[in-house]
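Undergrad: Next come the chains, spelled out residue by residue.
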Amino acid sequence: MSEILLQIDGKEVKATEGMTVLEAAQQAGIDIPTLCHHEKLEPYGGCRMCTVEVETRGRMKTVAACLYPVEPDLVVRTRSELVDKIRKMILELLMAHAPDSEKLQELAQEYGADRNRFGKESSFCILCGLCVRYCAEVKKKHAIGFINRGGNREIAFIPEIAAKECWNCKECFPLCPTSYLQAAYVLTEALSFPAVASKSPAEK
Amino acid sequence: MPKITSAAELEALRKEIASKRDPDTPSIAVCAGAGCLGQGNDRVIRAFEEEIKKQSLAEKVALRATGCHGFCDRGPNVVIYPDEICYMEVTPEDVPEIVQETVLGKKVVDRLIYTDPGTEEKAAHLSDVPFYKKQVRNLIGANTRIDPQSLEDYLAIDGYAALSKALFEMGPEEVLEEIKKANLRGRGGGGFPAGLKWETARNAPGEEKYVIVNGHEGEPGAFMDRALFTGNPHCVLEGLIIGAYAIGSHQGFIYTRHDSPQLIQNIETALAKAREYGLLGDDILGSGFDFDVEVHFDVGIFVSGESSALMRSIEGKNPEPRPKYIRTSVSGIWNRPSNLNNVETWANVAQIINRGADWYAGIGTDRSKGTKLLSLSGAIRNTGVVEVPFGTTLREIVYDIGGGIRDGKKLKAVHFGGPMGGSVPERFLDTPLDFDEMSKIGAPIGAGGMLVLDEDTNMVELTRFYLNFLTNESCGKCVPCREGIRQMLKIVTRIRQGEGRSGDIELLEEIAEVMGAASLCSLGKTAADPLKGTLRYFRDEYEANIAE
Amino acid sequence: MDNEKVDTLLEECQGKAGSLIRVLMEIQHEMQWLPREVLVKVSERLEVPFSQVLQVATFYKTFRLEPPGRHEVHVCMGTSCHVRGSQRILDKVSDVLGIKPGETDSQSRFTLVEGNCLGACTLGPEMIIDGDHHSRVAPAHVEEILKKYD
Chain C
1 MSEILLQIDG KEVKATEGMT VLEAAQQAGI DIPTLCHHEK LEPYGGCRMC
51 TVEVETRGRM KTVAACLYPV EPDLVVRTRS ELVDKIRKMI LELLMAHAPD
101 SEKLQELAQE YGADRNRFGK ESSFCILCGL CVRYCAEVKK KHAIGFINRG
151 GNREIAFIPE IAAKECWNCK ECFPLCPTSY LQAAYVLTEA LSFPAVASKS
201 PAEK
Chain Y
1001 MPKITSAAEL EALRKEIASK RDPDTPSIAV CAGAGCLGQG NDRVIRAFEE
1051 EIKKQSLAEK VALRATGCHG FCDRGPNVVI YPDEICYMEV TPEDVPEIVQ
1101 ETVLGKKVVD RLIYTDPGTE EKAAHLSDVP FYKKQVRNLI GANTRIDPQS
1151 LEDYLAIDGY AALSKALFEM GPEEVLEEIK KANLRGRGGG GFPAGLKWET
1201 ARNAPGEEKY VIVNGHEGEP GAFMDRALFT GNPHCVLEGL IIGAYAIGSH
1251 QGFIYTRHDS PQLIQNIETA LAKAREYGLL GDDILGSGFD FDVEVHFDVG
1301 IFVSGESSAL MRSIEGKNPE PRPKYIRTSV SGIWNRPSNL NNVETWANVA
1351 QIINRGADWY AGIGTDRSKG TKLLSLSGAI RNTGVVEVPF GTTLREIVYD
1401 IGGGIRDGKK LKAVHFGGPM GGSVPERFLD TPLDFDEMSK IGAPIGAGGM
1451 LVLDEDTNMV ELTRFYLNFL TNESCGKCVP CREGIRQMLK IVTRIRQGEG
1501 RSGDIELLEE IAEVMGAASL CSLGKTAADP LKGTLRYFRD EYEANIAE
Chain L
2001 MDNEKVDTLL EECQGKAGSL IRVLMEIQHE MQWLPREVLV KVSERLEVPF
2051 SQVLQVATFY KTFRLEPPGR HEVHVCMGTS CHVRGSQRIL DKVSDVLGIK
2101 PGETDSQSRF TLVEGNCLGA CTLGPEMIID GDHHSRVAPA HVEEILKKYD
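Protein chains in written order, with the working numbering: chain C, 1 to 204; chain Y, 1001 to 1548; chain L, 2001 to 2150.
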């Protein structure tokens, strides 16, 4: 894998071909905030908190660092007026759902985000997808997934699978930035788990 | 029908078809497009069938149910050849008279021809009707002359001559150069030079490459792709095969809507006939070039018209767009180079090859070449599908072709691009139709849906409507789009109800900026454009609803 | 839930994860809706995780996860129809039938759908019931039109 030289916040950074800007930054000790990223999972690009400014071939654009591949002579700015505005707004939009999330509050302090900028929304899931993706990619159980789309998108446990698998796992629980996941699990367990929990869908 | 295996055989077949057709034989073209069918044209078609049978005219008169003629407002539309007599708002009761007087008697039935609502002037011939006269119908014009389910009809109007020329007289690179020289720009909304896209796919590493027809046309108010594709599927197919040849692809995909049965049937018939005649499949026309096509259907969501989402849909996954850091022309369907173009873009290819890039570049403006199909609708008199050369001004389209505003109202704005576009007020009417000029004034042409708005339109309500549409169409993956649209809709609805708060406009502008810069795909990035556009030119309507 | 056509289709597509959307569409076409048991079968046969099948089935408006009414009332919500007052048509139908868009009435007579633009913009506001086009509809006509369908 060939070596690539790029610049992040004025610092020269060495990276290898195939790395993302986020990986290169992390390796160089430069911090870029993320909400939906996890080292064991494929980059998702959903929260857009890792948005950075990059300059390539004389043009500036904003991209998600977790997905953007490093290029030779790339100039990256991890903070700027626009970048900060974006992160502040993302936090404010998410805090309309989960104002009490510790992770969001921590970042809100850094970016001056106002938790009350938007009226409260009924769901406190921020749809970061960490639970869904962890169960699919790491545990390969697919006990939880996304349903519906757009503003109606939500996470949903598959009761037949969850009843069989989750009691012995729950590795996704600590990943949830808002604790919505735990609440959803408890609700699904109470309302939808099949009476005889051990029957798998295949046996029906 | 044995397969055609050489250029010479194709020409021989064409001559044979021509020799069996007497140009003086009367033919009746009844529009079976969506608009006319919705006005009962199927009964008109049946009436013609019965009358022809009754008078034993089957050998002497050709009857065709064709694709959209374009003048949807005046449907059901009928054109009688060879004199090109154009009848409008035809009912089944008119049919016997038409057959007697016009088809047999060569006389014009006055009450059925076009009458100008202003001057009362009449026009019997299609090319004299003002709506059609000012257009340059290089693409859609063929609709009145062919039965979309007949390959022979298409061959009779020089169909597949371009394919033959490309395969036997030009090499793939030469074809590519010609498309580049013609400066064919994408007609689906991006306006990106097709030649460059093709070149990227051609040069991308990998043996297996794909070409795709984006026939989704999800933009509400846009119906010209369907009119073209349903009325002349072979034209699109021919362009696709030529493109595949230039790129080096052997597998094509047509992605289209599931809710247009006529379109689906016409596409499938076209593919079957093309295969039968050796124009599609292995060893096309005996050239050694293999290429075939699969048809895929959308499932009722706008975002699946976005190219990377569409490709995921073809893969059987949810149409969630992928960030475009890796271009789909390099890594698309199953990570292979995939070249996607819109229906209209593909339809332009054959004429460029047939008549040359220089001819093509002679139409249009400096940087927007050729003609553009538009779906004209809203408060305009003459709604329908129109085709004009780039450079035609908006004024000419609204007044000369469109017939002006209905019900004696005044024009307020013209909106392009649907939910991801912009509205411009009356003072911009002399802007020429041109990709870059229109972008500059904040109303990028988009796919070509042109909505005309009159003085009674509430621009805040229009914006609310578009945001509401996008709320349901966003895939929901990324925060700026999903949450941005959610909050914008709330605020705009509030303003619409007269309950705006001070600071609302600034907040909307901030959300719009973040959505534009940080969304994952172009739906999120442009979702705020109608809002930005209306704030730019109609800010007073918002401010009027904000409490101080 | 026994349906030969569905079973044949699933056999053809054994292991073909890429045909998921096509399979769901054909089943929907055949059965008019997608019962959960059938979705489970699809998941097993096509070897696609059930959560993925569910995501796709709930993602698209075309797929119905509940049995539909005998007649589908599709009110076009495209822009052209909107500027000609389609919202009032939708509201009137909603009122008359007592259901919201997406719902089916209690006698399973009608399912109300907020429809996509079908490209017949000249004819707006458009209401399409079982493929019949009712064009240039005014709220006053709605009840009369609906009465024609039992």
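It should be emphasised that the hints constitute simulated quantities derived from the structure, not laboratory data.
Be aware that one or more of the hints could be misleading.
Said to hold, decoys possible - Below, a sample of chain L positions facing chain Y; criterion: calculated Cβ distance under 10 Å:
no.	residue
1	Q2014
2	G2018
3	L2065
4	P2067
5	S2080
6	S2108
7	L2123
8	G2124
9	A2138
Keep in mind it's a predicted model, so treat the numbers as computed, not measured.
Think of the CB as a built atom: it goes at the ideal place given N, C-alpha and C, for glycine as much as any other residue.
Undergrad: So, for every hint listed, does it hold in this structure?
TA: Taking the hints in turn, this is what the structure says about them:
1. Annotation: L:Q2014 was flagged as interfacial toward chain Y, and the flag is violated, the nearest CB pair being 14 Å apart, outside 10 Å.
2. Of the supplied interface hints, the one on L:G2018 holds, with its beta-carbon coming within about 4 Å of a beta-carbon of chain Y, less than 10 Å.
3. Annotation: L:L2065 was flagged as interfacial toward chain Y, and the flag is violated, the nearest CB pair being 14 Å apart, outside 10 Å.
4. For L:P2067, the interface hint is violated, the least distance from its beta-carbon to any beta-carbon of chain Y being 18 Å, above 10 Å.
5. Annotation: L:S2080 was flagged as interfacial toward chain Y, and the flag holds, the nearest CB pair being 4 Å apart, inside 10 Å.
6. This hint is violated: L:S2108 has a C-beta 22 Å from the nearest C-beta of chain Y, more than the 10 Å allowed.
7. Interface hint status for L:L2123: upheld, as the beta-carbon distance to the closest one in chain Y is roughly 5 Å, under 10 Å.
8. Residue-level restraint check for L:G2124 holds (minimum Cβ-Cβ distance to chain Y is 8 Å; threshold 10 Å).
9. Hint on L:A2138 is violated. Least Cβ distance to chain Y is approximately 15 Å, over the 10 Å limit.
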